[in-house]
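Spelled out from the first residue to the last, the chains are:
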Amino acid sequence: MTERSEGIEDAAPVVTPPDEGGLMTERSEGIEDAAPVVTPPDEGGLMTERSEGTSEPPLLSIENLVVDFATDDGVVHAVDGVSLAVRAGEIVAVVGESGSGKSVTAMSVLGLVRTPPGVIREGRILLRGEDLRAASGERLREIRGGEIAMIFQDPMTALNPVMTVGRQIAEALRLHDHDLGADDARSRVVTLLRKVGVPEAERRYGQYPHEFSGGMRQRAMIAMAIANDPDLLIADEPTTALDVTIQAQVLELLRTAQRDTGAATILITHDLGVVAELADRVIVMYAGRIVEEADVRSLFARPRHPYTAGLLSSVPRADLDGDLVSIPGSPPNMIDPPGGCAFHPRCPMARERCRTDRPEPYDLGDGRRSACHYADELDEGLALYAAGEEAG
Amino acid sequence: MSVIEPAVLAPEAARRSPGRRALRRFLRHRMAVVSAVVLLLIVLAAVFARQIAGHDPNTTDLFATRAGPSGDHWLGTDATGRDVLARLLFAGRVSLGVGVAAALLAVVVGTVVGSLSGLLGGWVDQTAMRLADVFMSFPSLVVMVVIAGVIGPSVTAMVIAIGLFQWPQCGRLVRGVTLAVREQEYVQAARAAGAGPLWLIRRHIVPAALPPVSVVATLAVAQAIGLEATMSFLGLGVQPPAASWGNMLTDAQSLTVISTMPWLWLPPGLAVAATVLAVNFIGDGLRDAVDPRHT
Amino acid sequence: MGAYIIRRLLINVLVFFLITVVIFWLVHKAPGDPIAMMVPPDQLNAGSAAFIAAKRHELGLDQPLVVQYWHWLTGALHGDFGYSLVNGRSVTSLLGERFGPTIELMGTGLLLSLVIAFPLGIVAALRRNTRVDYAATVVSLGSVSIPAFFIALIAIYVFTVKFPILPSSGISDPSAPSLVDSLQHLILPAVILGFANSGPYMRYVRSSMITELGADYVRTAEAKGATRRRVVVRHTLRNSLIPVLTYIAANLPQQLAGAVVIEQVFAWPGMGQLAVSSVGRHDYSVIIGFALIIAVLVLISSLLADVLYTLVDPRVRLN
Numbered sequence: 007m008t009e010r011s012e013g014i015e016d017a018a019p020v021v022t023p024p025d026e027g028g029l030m031t032e033r034s035e036g037i038e039d040a041a042p043v044v045t046p047p048d049e050g051g052l053m054t055e056r057s058e059g060t061s062e063p064p065l066l067s068i069e070n071l072v073v074d075f076a077t078d079d080g081v082v083h084a085v086d087g088v089s090l091a092v093r094a095g096e097i098v099a100v101v102g103e104s105g106s107g108k109s110v111t112a113m114s115v116l117g118l119v120r121t122p123p124g125v126i127r128e129g130r131i132l133l134r135g136e137d138l139r140a141a142s143g144e145r146l147r148e149i150r151g152g153e154i155a156m157i158f159q160d161p162m163t164a165l166n167p168v169m170t171v172g173r174q175i176a177e178a179l180r181l182h183d184h185d186l187g188a189d190d191a192r193s194r195v196v197t198l199l200r201k202v203g204v205p206e207a208e209r210r211y212g213q214y215p216h217e218f219s220g221g222m223r224q225r226a227m228i229a230m231a232i233a234n235d236p237d238l239l240i241a242d243e244p245t246t247a248l249d250v251t252i253q254a255q256v257l258e259l260l261r262t263a264q265r266d267t268g269a270a271t272i273l274i275t276h277d278l279g280v281v282a283e284l285a286d287r288v289i290v291m292y293a294g295r296i297v298e299e300a301d302v303r304s305l306f307a308r309p310r311h312p313y314t315a316g317l318l319s320s321v322p323r324a325d326l327d328g329d330l331v332s333i334p335g336s337p338p339n340m341i342d343p344p345g346g347c348a349f350h351p352r353c354p355m356a357r358e359r360c361r362t363d364r365p366e367p368y369d370l371g372d373g374r375r376s377a378c379h380y381a382d383e384l385d386e387g388l389a390l391y392a393a394g395e396e397a398g
Numbered sequence: 025m026s027v028i029e030p031a032v033l034a035p036e037a038a039r040r041s042p043g044r045r046a047l048r049r050f051l052r053h054r055m056a057v058v059s060a061v062v063l064l065l066i067v068l069a070a071v072f073a074r075q076i077a078g079h080d081p082n083t084t085d086l087f088a089t090r091a092g093p094s095g096d097h098w099l100g101t102d103a104t105g106r107d108v109l110a111r112l113l114f115a116g117r118v119s120l121g122v123g124v125a126a127a128l129l130a131v132v133v134g135t136v137v138g139s140l141s142g143l144l145g146g147w148v149d150q151t152a153m154r155l156a157d158v159f160m161s162f163p164s165l166v167v168m169v170v171i172a173g174v175i176g177p178s179v180t181a182m183v184i185a186i187g188l189f190q191w192p193q194c195g196r197l198v199r200g201v202t203l204a205v206r207e208q209e210y211v212q213a214a215r216a217a218g219a220g221p222l223w224l225i226r227r228h229i230v231p232a233a234l235p236p237v238s239v240v241a242t243l244a245v246a247q248a249i250g251l252e253a254t255m256s257f258l259g260l261g262v263q264p265p266a267a268s269w270g271n272m273l274t275d276a277q278s279l280t281v282i283s284t285m286p287w288l289w290l291p292p293g294l295a296v297a298a299t300v301l302a303v304n305f306i307g308d309g310l311r312d313a314v315d316p317r318h319t
Numbered sequence: 036m037g038a039y040i041i042r043r044l045l046i047n048v049l050v051f052f053l054i055t056v057v058i059f060w061l062v063h064k065a066p067g068d069p070i071a072m073m074v075p076p077d078q079l080n081a082g083s084a085a086f087i088a089a090k091r092h093e094l095g096l097d098q099p100l101v102v103q104y105w106h107w108l109t110g111a112l113h114g115d116f117g118y119s120l121v122n123g124r125s126v127t128s129l130l131g132e133r134f135g136p137t138i139e140l141m142g143t144g145l146l147l148s149l150v151i152a153f154p155l156g157i158v159a160a161l162r163r164n165t166r167v168d169y170a171a172t173v174v175s176l177g178s179v180s181i182p183a184f185f186i187a188l189i190a191i192y193v194f195t196v197k198f199p200i201l202p203s204s205g206i207s208d209p210s211a212p213s214l215v216d217s218l219q220h221l222i223l224p225a226v227i228l229g230f231a232n233s234g235p236y237m238r239y240v241r242s243s244m245i246t247e248l249g250a251d252y253v254r255t256a257e258a259k260g261a262t263r264r265r266v267v268v269r270h271t272l273r274n275s276l277i278p279v280l281t282y283i284a285a286n287l288p289q290q291l292a293g294a295v296v297i298e299q300v301f302a303w304p305g306m307g308q309l310a311v312s313s314v315g316r317h318d319y320s321v322i323i324g325f326a327l328i329i330a331v332l333v334l335i336s337s338l339l340a341d342v343l344y345t346l347v348d349p350r351v352r353l354n
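So the sequences go chain by chain: L, A and W. Its first residue numbered 7, the first sequence is counted upward by one per residue in our numbering. Its first residue numbered 25, the second sequence is counted upward by one per residue in our numbering. Its first residue numbered 36, the third sequence is counted upward by one per residue in our numbering.
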């Protein structure tokens, strides 16, 4: 359920045509709660219109993705106008609370959003320029587990309990190489298991998932994901279900796997520690939308959205003193999200404009984007919430 | 894949009352709504049997036996010249009565055993649930045949037997609800303050269990009506001269009746089928209404 | 796994003995002198009072109830179910000759139930909330709701009266026995029994399949590039079979209930028909023998369910 953030390569110089309003984030017709948003010209940051400084196109780009879910109580805009790009070889972290749309964005890339209740309303998903939404079922299956592989959160439930781990990994190989014989598949799986640090790989091949420990299962998942040498790995909360001691090992393995395969990685997580550890670039999502994007250092040093600032102030930091403060309020009701900026009911900086005017992510320079009307005022950074507490 | 966190939906869910949401979902189940109307008609027909029939169900007319439908006898007469329509309508009272009584018994037993099982836990719980397994693993119809064999056919025994074999579904359900309820904080606080199990059952378990139990109870009514009809058909249930849909069909087992006197066997057969089908559809609709995840 | 099986075995055997106590109670509750159930009537009628007293002592009927129970149970477990009160034949042989036909009917019926239930249940789960699903629901509710005997009467009307292509009574034609003839006799009862029992299986297959289709591992398989068909055939089917197989095994006794009715309508010479007619004749020893058979069937099916469960699910098998 995590949503994808937009990965725009931070290295590329970005030129935002000032005269264009930020239209791409507007909702399509038929979605009732979205008031037409007019972004003031001076804030018009069409991320999709950014020109590339290099001739190399992004590996993956998502343009104005809108994903709705029909629930019993109404339509939920799980992803609401997300645009991002991922370049070959980079690690992009997508951060947000559960329900912020991170996972749905990821699922959309592989066409795995369950329909119903979910439906991709709008947007384009381009893999090296190829529109995946228009791709045939056959082509999509080629991509799934081939060019794009996924690592899921809970390796216990993500593996079939009644099939041996070895055969499940072998299935990934054989689905993409129809000529691969059973014996060859087996020996390749054993090699893969060794590579991801599963001891006694030969014996482990014939075991069932419940005979693996949590960490070993996640290693097997990673083996399955890198089996076909993908160009893009999507890791959805890869360490969340694991013990803390195991988390570090699995993160290390992910880093090695990423380095060996050279695969770009989208890392979906709510854990800023994981982000700091692995990511090159960070995209922060809130209520189905991207609220901030920055390279990992800049983001931690100086968040440019109050929500990011809140997230940062709620985790212990080695480099900063100060009390841990959690963001007041609760996550937004996704059926009937707050008007204007969805974060305004919880925002210590909220003003009248935030209630009515929905901010679009706009360019701040240096590859940074923020969807706060008052991003420039966020100099105090982390003090924002501490100050709010005192005042309250 | 649950994409939306329940917590995020909670405020909206609280805004509409659960009852209204359930009603809306029930009304969306077209077959259930049609069935509710059909069942209402059947119940009314049974209640006003005397007024509608215009004949006594037990008055024989030896000069008009097995007569076909006519202006006087809309559904003809049976082997002893009794009016089939009158018997059909009065039989409805028996079937519906047995169905409701047996289901009620099952619900009462199930609720008591289930809530005690959940509240007391330990060996009481173990024993009760094992007992539930045993009752569920026995084919109730066959056991009822044996009981009828030993003590003779009896409607009361039949109701009790059906009730006893139906309670486990309800019992398990109530036990589950009880376990969930007693873990809630305010309930634990109240218990710490000295609130007794009766208070807990009345104030918390019964209200929480009512919606799912209503589904189980409805399905139990359907099953009980079917069992009664089958037992009576086998000659081990409602005994003549009292009419029941099942025993009206007993006489139809000869090829002559089947081939030449459809008024003797079609109406009671259709009546059971329609009633049980309607009740089952209503149960299906209720399940959708109460627990949409299981649809 | 061993410990689990042993524990379940002990529980099942314990339950079985409790049930035999209930049945024994029925023996004593039954009207008349229990000795009449245990001694062939010709001996009983010919015997003097002294002979009967001696027999009573020999059978332990002058002993405390507990001892009597033990006598009765050991006798029953050795296949001695006593004698029919009506024709004096041994209950064991009476039930024995009915056993085959009932198994034939139940077995074929079960097979047909599954043949109906599996495709419908799977398709309904895959096409959830579509017309196909609703149609399957209607079929399953119909099978649960419409009494088997009524369906049987309609079937007889259609296939025996209107279009006389199938026999409506008996297991074979004694004047011209043949395999084809036996099959013709089997068709109507077995198909109706199969349909009547298919509803619960279909719903179970459907809901089990829906549960599995929503499982995380399905998404993993799809993310690997597996087709829908492959996901269903290789992944969800096997997983959903685990609860379904257990359910089928545990529900075997329910097949008997349907068989009782069907045997009655089609004059099928099985145990159910014998039981119903024995009730009419107040032949208590036969009824009690029948009750014991049910108890054994329940015991066997429960054990079978446990064993199947442990065999099919590696999580249980290997722990």
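Derived by calculation from the structure, the hints in this document are not laboratory data. You may find that some hints are simply not true.
Said to hold, decoys possible - Derived list of chain L stretches under chain W, where covered just means 3 residues or more per stretch with a C-beta under 8 Å from a C-beta of chain W:
#1 157 to 169
#2 178 to 186
#3 193 to 199
In this text, all values refer to a predicted model and were calculated from it rather than measured experimentally. Glycine included, each C-beta is placed from N, C-alpha and C at the ideal position.
For each hint, the structure was consulted:
Only when three residues or more bring their CB closer than 8 Å to a CB of chain W does the claim for the region 157 to 169 of chain L stand; here the count is 9, and the claim holds. Requiring three or more residues with a Cβ within less than 8 Å of a Cβ of chain W, the coverage given for the region 178 to 186 of chain L holds, as 3 such residues are present. Requiring three or more residues with a Cβ within less than 8 Å of a Cβ of chain W, the coverage given for the region 193 to 199 of chain L is violated, as only 0 such residues are present.
Going through the hint list in order, the structure does not satisfy hint 3, though it satisfies all others.
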